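A.B. asks: Below are the chains, spelled out letter by letter.
2 protein chains.
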Amino acid sequence: MSIEHSILAVISFRPSSGYDIKSEFEHKAAGLFWGMSYGSLYPKLKKLEADGFIVTIEADTDGRKKKLYELTKKGWGELDKWLGMTPSPPIIKDELFMKLASWHSEMDLDLLALHLESRKNESGDLLKYIKEWRHNQKSYINSVGMLGIRYAELKLEAELKWIDESLEAINNQDMPDGQDPFGLEEELLKRRERAFKTLDKE
Amino acid sequence: MSIEHSILAVISFRPSSGYDIKSEFEHKAAGLFWGMSYGSLYPKLKKLEADGFIVTIEADTDGRKKKLYELTKKGWGELDKWLGMTPSPPIIKDELFMKLASWHSEMDLDLLALHLESRKNESGDLLKYIKEWRHNQKSYINSVGMLGIRYAELKLEAELKWIDESLEAINNQDMPDGQDPFGLEEELLKRRERAFKTLDKE
DNA sequence: TTCCGCATGTAATCTGTTACATGATTAC
DNA sequence: GTAATCATGTAACAGATTACATGCGGAA
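As given, the protein sequences belong to chains G and Y, one line each in that order. Going by the numbering used here, 29 is the number at position 29 of the first sequence; the sequence numbering is gapless. Going by the numbering used here, 10 is the number at position 10 of the second sequence; the sequence numbering is gapless.
I should point out that these hints are in silico values taken from the structure, not numbers from a laboratory. A portion of the hints provided could be inaccurate.
What the hints assert, rightly or not - Taking lysine-lysine and the DSS-like style, the derived pairs with C-alpha atoms no more than 27 Å apart in a straight line are:
id, chain 1, residue 1, chain 2, residue 2
1, Y, Lys93, G, Lys190
2, Y, Lys44, G, Lys197
3, G, Lys73, Y, Lys190
4, Y, Lys93, G, Lys44
5, Y, Lys46, G, Lys22
6, Y, Lys197, G, Lys74
7, Y, Lys22, G, Lys93
8, G, Lys131, Y, Lys22
9, Y, Lys190, G, Lys65
10, G, Lys197, Y, Lys73
11, G, Lys46, Y, Lys197
12, G, Lys44, Y, Lys190
13, G, Lys22, G, Lys46
14, G, Lys93, Y, Lys46
15, G, Lys74, Y, Lys190
16, G, Lys190, Y, Lys138
17, G, Lys93, Y, Lys93
18, Y, Lys22, G, Lys190
19, G, Lys81, Y, Lys197
Said to hold, decoys possible - Here are the computed distance ranges between Cβ atoms for each label pair:
id, chain 1, residue 1, chain 2, residue 2, range
20, G, Lys47, Y, Gly84, 34 to 44 Å
21, G, Lys190, Y, Asp110, 53 to 63 Å
22, G, Ala113, Y, Arg194, 26 to 36 Å
23, Y, Met175, G, Ile130, 12 to 22 Å
24, Y, Lys65, G, Leu111, 33 to 43 Å
25, G, Gly39, Y, Ser88, 11 to 21 Å
26, G, Ala50, Y, Met175, 29 to 39 Å
27, Y, Lys65, G, Phe182, 18 to 28 Å
28, Y, Ala50, G, Lys138, 52 to 62 Å
29, Y, Tyr19, G, Ile130, 34 to 44 Å
30, G, Tyr38, Y, Ser37, 20 to 30 Å
31, G, Ala59, Y, Tyr38, 43 to 53 Å
32, G, Ser105, Y, Ser105, 51 to 61 Å
33, Y, Lys67, G, Ala50, 38 to 48 Å
None of the values given here were measured: they were computed from a predicted structure. For each residue, glycine too, the CB sits at the ideal point set by N, CA and C.
Input sequences plus hints: build the corresponding full structure.
C.D. replies: Listed below in structure tokens is the structure:
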């Protein structure tokens with residue numbers, strides 16, 4: 001039920017159209033920790049309106065017609081109720097971590113370094129973007145929101161620091177010790193070799 | 001297509017049953033950055049077998065019958081191919097951040113402090129768990145995997161540090177400055193008041 | 001006049017979870 | 001003997017994306 005709440009939250013900043021909300025998630029702070037596509041957004045807006053959380057205001061800003069949505073009493077109430085509930089733990093899906101966890105000794109470490117460089121660029125760009133954005137004098141961020149921005153910055157800085165450490169470990173061939181109490185790494189290589197020796201039967 | 005690859009990755013450690021794979025995602029490293037339920041796991045295993053990435057080995061470990069899956073040549077190849085591809089950016093959904101971003105001045109800051117305390121406990125527990133786990137002499141983690149563990153630790157430490165800073169800011173009434181070039185905060189409170197004054201019509 | 005950004009939407013599809021059903025083995 | 005854990009699966013549903021369809025207004 002949380003996408004709906006994110007939508008209510010964005011509308012709370014100012015009356016917004018579907019397009020406005022999408023850009024908030026694409027180009028603004030909200031997108032750092034949440035995502036959304038038109039395919040789910042517009043149906044949700046209809047549902048939220050049908051349930052009485054928001055109402056439509058026909059408007060033409062800049063000579064362009066659009067449907068603005070505004071929160072109702074019920075909508076504001078729902079927003080407050082949601083804000084008051086303990087937030088659920090973050091959901092993180094990070095392919096980089098999965099790849100690290102399943103890297104094996106037949107895979108080239110230089111390739112891993114490329115992956116790290118790539119992540120470094122992405123996260124670096126994002127961090128730069130956030131740092132500019134928090135001072136751009138265009139976007140609305142209140143003092144609590146600023147704590148959130150700081151949260152994002154610290155996480156990205158930690159990630160970048162870790163990437164540099166890891167790249168150094170790879171380049172200096174100074175990797176940390178693993179733990180392998182049952183000799184699985186050796187087994188793995190044997191199993192792999194065995195599989196590669198079998199003829200394809202299908 | 002990444003859940004499938006995570007499954008292949010787990011099987012690469014050792015031949016595994018569906019149950020084994022699930023516990024890997026529930027209690028082990030993999031679960032830190034990925035999740036999976038039986039409802040998707042078992043069908044995926046069937047599909048992976050039908051596509052020739054894995055094969056079944058009937059086995060009875062500890063007197064208990066189970067279906068172990070092992071990678072085929074094609075499966076190992078697919079795993080290597082996946083490992084070689086640039087990992088996609090992490091997907092993060094964090095309700096705490098969304099709530100920070102949409103907090104408004106009618107909401108009690110002490111309530112926010114409770115949310116932060118709650119996250120502090122969750123993340124603290126997780127960090128403690130990881131720190132123990134990396135030295136438990138029971139789990140297989142190679143040196144590259146250890147980099148991943150370090151990644152998780154640093155992120156959690158950054159989060160905990162941020163929480164303490166933020167709690168202090170709240171308690172000392174020393175919140176950071178926001179930015180509000182168009183006076184949206186004032187507008188918001190007006191809109192909110194207006195909405196609460198209207199009679200319910202539905 | 002053509003392209004880009006604004007603007008709204010739907011249908012098909014994909015992806016994954018929840019809840020249920022079933023049963024064996026082990027620890028207390 | 002009974003609760004917990006091991007073990008495999010399915011049906012119904014929830015949740016979200018992709019690709020498509022459509023059209024206006026302003027800038028080059």
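A.B. asks: Of all the hints given earlier, name the ones this structure violates by number, lowest first.
C.D. replies: Per hint list: 1, 5, 8, 22 violated.
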